[in-house]
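Protein chains: 2
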Amino acid sequence: MKAKICITLKAGLLDAQGKTIKQALESLGFQGVQGVRVGKYLEIELNHGSVGATRKDVERMCQKLLANPIVETYRIDLGS
Amino acid sequence: MKAKICITLKAGLLDAQGKTIKQALESLGFQGVQGVRVGKYLEIELNHGSVGATRKDVERMCQKLLANPIVETYRIDLGS
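Chains A and Y supply the protein sequences, listed in that same order. If you read the first sequence in the numbering used here, its first letter stands for residue 65, the second for the next number, and so on. If you read the second sequence in the numbering used here, its first letter stands for residue 65, the second for the next number, and so on.
Treat the hints as calculated values from the structure; they're not laboratory data. A hint or two may mislead.
Any copy will do: because identical chains look the same in the list, a pair fits if it lies in one copy or spans two.
Here are the computed lysine to any residue pairs in the SDA-like style, where the Cα-Cα straight-line distance is at most 25 Å [as the list claims (entries may be wrong)]:
1) 74 with 113
2) 68 with 127
3) 66 with 131
4) 74 with 114
5) 74 with 107
6) 68 with 142
7) 120 with 78
8) 120 with 77
9) 120 with 76
Predicted model, so just to flag it, every value in this text is computed and none were measured.
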């Protein structure tokens, strides 16, 4: 089973990297960019059986290692 | 309109960061981790009207700035 995890800064926190990318896009001539937020993306291949157990495990991975729960939020999608 | 972009290393290329995270997860006691791939995640807020024009623009952003097309692939999801 594959878990896809998107980790982003919590809303309201300054995303300096995103701001820089927004400026770079504008200087390349792209119009209409309102905002850019940058985060991490992880794909984890697991050989667990049940969806429930996998989700619980991946949640724990995010809390313990992958994300910083003070400033980041994460979204987990499970698929094959 | 919001574009969500996942940028990952092409399949087959060594992902050293992913390998390190896999080892860290194992050392924390997580079982059954087969592999970890790490990438970038971006959310871009755009005020374009049509889905078609937005997708085309975001594709160009990926090719010109956000991704390295030699070693990376990207996936674009458009939503509100």
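Against the structure, the hints come out as follows:
1. For the identical chains of this complex, residue 74 and residue 113 are neighbours neither inside a copy (32 Å) nor across copies (27 Å), given an alpha-carbon limit of 25 Å.
2. In this homomeric assembly, residue 68 and residue 127 come within 25 Å of each other (Cα to Cα) both inside a single copy, at 15 Å, and across copies, at 23 Å.
3. In this assembly of identical chains, the alpha carbons of residue 66 and residue 131 lie at most 25 Å apart whether taken from the same copy (18 Å) or from different copies (23 Å).
4. Within a single copy, residue 74 and residue 114 get their C-alpha atoms no closer than 30 Å, and across copies no closer than 28 Å, so neither meets the 25 Å cut-off.
5. In this assembly of identical chains, residue 74 and residue 107 lie within 25 Å of each other by CA distance both inside one copy and across copies; the values are 21 Å within and 13 Å between.
6. For the identical chains of this complex, residue 68 and residue 142 are neighbours both inside a copy (6 Å) and across copies (17 Å), given an alpha-carbon limit of 25 Å.
7. In this assembly of identical chains, the alpha carbons of residue 120 and residue 78 never lie at most 25 Å apart, being 30 Å within a copy and 28 Å across copies at closest.
8. For a Cα distance limit of 25 Å, the shortest separation of residue 120 from residue 77 qualifies neither inside one copy, at 27 Å, nor across copies, at 29 Å.
9. Taking the closest pair of Cα atoms, residue 120 and residue 76 never come within 25 Å of each other, the shortest separation being 28 Å inside a single copy and 29 Å across copies.
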